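Given the coordinates of chain A, assemble chains B, C and D onto it according to the supplied hints.
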Amino acid sequence: MTLKPSKGISRRKFMLLSACAAVGFGTMSIGKRFQALAASKDIIPLSDLGNRDVFTTCGMCVNKCGVIARVRNGVIEKLDPNPYFLKSRSMLCARGNAGVDSVYSPDRLKYPMIRTGQRGEGKFRRASWDEALDLVVKNLSDLAEKYGRAGTVFVSSEEFQEHFFTTFAECYGSPNTLRHPSLCLSSNIQGFGATFGTNPTPDVLNTDYIIMSGANRSEALITPDSIDMLTGSGGRRKLVYLDPRFTKTAAKADEWFPIRPGTDMAFILAMIHVIVKENLYDRKFVEEQTEGFDKLVPHIEAYSPEWAAAKCEIPAEDIRRIAREFAMAAPKAVYYQGRRSSFFDNDTQMRRAMAILNAIIGNWDKIGGMVPNSQIPLEGHEFVAPFYEDIPERLEANAATYLSEKDGSWKYFRDRVLEQKPYPVKGMMIYKQNPLVSVANREKTLKMMEQMEFICTIDITMNDTACYSDVLLPEATYLEREDPIESLGGIHPVLVWREPCIKPMYESRPNLWIMQELAKRMGDEMSASFNYTMQEYREHQVKNNPEILKALKEKGVYYEKDTPTYGQTIGKKLKTKSGKIEIFSQKYADKGLDPLPVYKHPESGPAGQYRLILGRTAYMTHGTTANNAFLFDIMSENHIWLHTSEAMKKGLKDGQMVKVKSPLTTESLRLLITEKIRPDCVYLSHGFGVLSKGQRLIFGKGGSDAALVEDFVEPISGNMAMHHTFVEVTAA
Amino acid sequence: MYRNGLLMSVLVVVCMSVGLALAADGGNSKKGKYLWKTNCKTCHVEGGGASVLSPSSKTTKEWTEFFDKNTNPVIMEKCKKFPEANLKDIRTYMIEHAKDSDQPETCG
Amino acid sequence: MKKKRFAMVFDISKCIDCKACTVACKAENNIPLVKDNYRNWITEGPLRGKYPKLGQSYIPGQCMQCANPPCEHVCPTSATYVNVDGIVLVDNKKCIGCKYCMTACPYDARYYNEKTGAVDKCTFCVQRTSVGRIPACVETCPTKVRVFGDLNDPESEVSKLLTKHPYRVEKPEIGTQPFLFYLV
Amino acid sequence: MTTTITNSKNIIGFSVLGLGTLLGLVSVGYVLMIGHSNAYNLTRQIPWGILISTYVFFAVSCSGLCLVSSLGHVFGIKEFEAIGKRAILVAILALLTGFGVIAMELDHPFRMAIWVILSPNPLSAIWWMGTLYGLYLILLCIELYAFIKENHRLASLVGLVGFVVAISACSNLGAVFGLLEARPFWHGPYLPIFFILSALVSGCALLALIVYFNHSLRGIEMPPEYKKFMITLGKLQALLLGILLFFIIWKIIPGLYEKYPGIYEATMAALSGKLSFNFWFFEAFLGLILPFILLLNNSTRTPFGVMLAGLLTTVGVFFMRYDMVIAGQIVPMRISDGGKATGVLHYVPSVAEMGIVIGSICACLFVYVLIEKKFDLSHTGHH
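Chains as they are written, first to last, in this note's numbering: chain A, 1 to 732; chain B, 1 to 108; chain C, 1 to 184; chain D, 1 to 383.
One should not assume that every hint holds.
[To be verified] Below 27 Å or equal to it, Euclidean Cα-Cα: the simulated DSSO-like pairs (lysine-lysine) are:
id: 1; chain 1: A; residue 1: Lys-406; chain 2: B; residue 2: Lys-99
id: 2; chain 1: C; residue 1: Lys-35; chain 2: A; residue 2: Lys-653
id: 3; chain 1: D; residue 1: Lys-9; chain 2: C; residue 2: Lys-35
id: 4; chain 1: A; residue 1: Lys-580; chain 2: B; residue 2: Lys-37
[Unchecked claim] Computed footprint of chain A on chain C; a stretch qualifies when at least three of its residues, placed anywhere within it, have a C-beta under 8 Å from a C-beta of chain A:
id: 5; segment: 8 to 17
id: 6; segment: 47 to 53
id: 7; segment: 56 to 67
id: 8; segment: 133 to 141
I should point out that these hints are in silico values taken from the structure, not numbers from a laboratory. Only a predicted model underlies this, so the values are computations on that prediction, with no experimental measurement involved. We put the CB at the ideal spot given by N, CA and C, even for glycine.
Excised from the complex, chain A in its bound form (with noise of 0.2 Å):
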């Protein structure tokens, strides 16, 4: 904070004037408000260029949320919530709230940098923008040489310019983009997938019974989501919740069960059970959308509530209450798939029992139930990758079932790397991707990295994996960048985008900017495919409708209606085989897959030692935010969470250094002594104890989730599965 001006004196000229306040502000109908913020002359035009109000979209974490930036005098004051933008209910989370330190952060990454020290070191040069280019530009050719353009992976994560990325990895030719998905949620939408042929958004909103498992909403906030949650229609609403913690969402929950970590299917199987065998599913819906019900029956026949209980500790007589009650208030019913999905190695299956059990009730694409997103469809930029013949595969081609060809397997890919099978790969170019800390197994990682003969991080700050780099290229923040417009599927899609409300700082770039200039000097064909200004962009973008243009200036968010439609898939084919909800999958058959989900109980650990579990809270976006200085100041470290009973056996007080030793190596952090835990697990939050001096705030700061936890894997995704690991806690 310490380049910010202070604000203090234009501020306190404010204070005292006479008021004429319209009230209830918040509570208004978005027409109203609107009238309202020019009646108050909130917004100034943006005809003045050092103080406007800048409609723009958040960059804090995935979910996007609309903000109004306040700049004054040249400096961005405040990032206000838009009241147009409905998807996040016009809210500002702290993250979104403390987006200004991304900017004005001294730990920026500010100019570009060649590395002088050794690897990890953080010894950096400052460089000219040009030599910086010129240098990744020479390595990529060498490197297209010694080992063929496979031999550069291109590593990336979701960001409105990320686009700008990966076409420049399709047009140097590498078939390797290794994207954050198979940390995330590509098991959910593999389950999901080949059941519904997509992966639906739950109507939380308007639906009457939520089952949650493990998706904690108070915490992992997702627009709207973790608000709807909360609000729902008609206080018939019910909210069941299983996880092993005592979360911030098992607070807010009617009902909370510490279930055994990774037994969740069998809960699942058990409600369908009882759904089918008590006749309790939609007969009509399930005779007409769906296939394979008849081999469902005799396949749940052994999953009774009983044999449940037995494996996920829920009492039997809840399992069948629940599956009851749930039945009953169907169609608005949800079992909700959540977003991370990187639990266990049968993840794919347990989203898939799920994804049944929803389909069995008839919630399928109906108010209140699992709707298949809508997208607002934009035309794509046009542009032609040159053809390159002898490409390999992907490094990690046919290592899971079913991988995505754009977004691969950390897990497998990493593993293949350090391989050198059945090629090489020598360079790492990396967008926004920060796997020193987001990839479990750290170690590993910086064995791959380690073996790399190039590697160019392109962020906005040092972090670990920037650290780790021979050439930074510093990126221009979301608060400085012209971005394309973005369209945000789901229940109620808009479109998006980013206007700049201040210049790049120091000598930071936009990654268009960045992508242009590499091309370039790659040469007149891969320059070609970079051959517009990203105001030509986004008339690309929107040339069936300019309008959108317009609105996205005057609200800074567009939607064609004012509220959502179902139903649009009734009656059409969906996206799998049959065109029908694959109760059982033939495609998985046909793979030599468990057709239906087939109940595979998790490992128990060696004794006293306890199930590691990770997870979120509400002022942290995974490892980008920890660094900021107003969420580090909610949230200075990350302390181990231990069960009261626990602690109290081996003696250990609430507060005190602990060693945390998995089979991986051991870290010490802070204890946390708590009644919110099963005492068979502890938990750690991400983000922490970091390997990057550059990070100032949180340098030495708590432990590294992804240090301690091995790399198991879910095969059928290739997603990474992170609550095998085991850890023994003892006193430092």
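Leaving out everything else, chains B, C and D in the frame of chain A:
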């Protein structure tokens, strides 16, 4: 319990997809994409003259039929300009990215 | 124009302890990011029950904007005063840093701001409310726990809420007459 | 022989006091350099620390000295007339030291000087505290002047006014704490009354020290009139300590009886918690019981015994002020750690705070001893 059913369905599917699998085999999807983009797509967009078309416009089955059993003389005429191998590449690309392909959805 | 009596009503059943209000307040009011410096907070209520039957509430709070504010009474230089809208404010230039108001406040709502050299507290975002906007914490709150408005206006949302629902205030026995209301 | 001993004693004494004063000055410089929030261990929950309690110690001692000395020149008790001038001088020094300490506690002492006058708040006990002690300082100066000029009429007139102001000031200082309804341990009329009593105790203790050390410092035999005074003072102090003992007992019992939130936890902190060593050892044993025994017993109620009792009581009272100030704030105003057992808050003075406290005590003594060396105050002015 379902083992018989499984066996049966495996057999059925294997029989059904033998031809398909053989036909899809051998094409280079990446080359197909390049060829599709450079030769076909320019017209198969809005205002391009031809019907708007992308791989996800049709299911695997529909694409297979489109390429293998097409009797539409206009399309046959257009396709003739490609050598057999290239057509196979395009076919592979379209089928691998069909509406109901095994390609999972992605995030972000 | 009629005098206002600004108040805030909390529906704590909706509070998920996400700390959006705290960060919004710090950003809006330029509060130095040092420990102990905050105008509003969310406390975790006591954990009810024993594992595995547990319950917990999260209770947001800030200056209660008392009608009978002890902080105002004790200030030797009248640096703390109440404005026309019923908001308790501090005139920074008059604050001598004796911290008497901090010991007098039953809600721990005040802290000493080294940057301004004065005791600081929630002002209901007077720079916003005086031009018709709502406080930053209210505007940003994801689950809309907070409702802000004028109690002198019977049509305001806060007035309606308080006529419709039972509510409580913090430490009523002290006689501070807080204007932050918690629905029960 | 005696002279050299006295001289070397003097040198050691002056060096210790000088070093202490220097420590205080260094601490002050350090605080001015790095700012209050970095130098002091104060938090938003415990905003008042050892500087406030030390100020209270000095201010109440000042009041006490005058109250006790007024027994002589206001109420005409003969034995007490001998110490009037010294008492006034020490009172002035104590008050100035107290002001110095509180100036270090305030972030803006100069702002105070302006706004206390331009924007007064007569509802504020601290405003009254400033006003009364300010007025009191002026009265003390006039009184000292009257003594020096041997204007007895003026001295006893100002003494009478001073007596009223001294009681007002010190009981008002109690009210600074007692008026806070937010702090149940302080709240109520107890502290103002308690402050009057404890002022008397402090005053007696300090007078005993002053009289004794004046003679021993100079290496002269104590004249009989002073001996007599010391014994009378001892008896008076015994009475006061006996009453004080019951004041303290009656503060504790209601604190435990109904377990009233805020009072109970604070009382327990004193009895068995974080402040218990301070309370039992310094306050109760050193400050109260031991001196009480010394003074009750005829064989120990000698000038030395009375001095020793005074020394112990002074130390005890210093801790009593500290414990009172901290105990009132030690119970958090809101529960902030969720499910966990809520404890009392934690405060330990920082090195800078201790430095200022030690420095202030040393500086006060240093100046006093210096004045005693330069001017002859033993002349009592009565014929």
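Results for each hint:
1. Lys-406/A - Lys-99/B: holds, 17 Å
2. Lys-35/C - Lys-653/A: Between Lys-35/C and Lys-653/A the Cα gap is close to 24 Å, so the pair holds against 27 Å.
3. Lys-9/D - Lys-35/C: violated, 49 Å
4. Lys-580/A - Lys-37/B: Violated, at about 31 Å.
5. 8 to 17: holds (count 4)
6. 47 to 53: holds (count 4)
7. 56 to 67: Held - the segment 56 to 67 of chain C has 3 residues with a Cβ nearer than 8 Å to chain A, which meets the minimum of three.
8. 133 to 141: n = 7 at 8 Å, threshold three: holds.
The earlier numbered hints that this structure contradicts are 3, 4.
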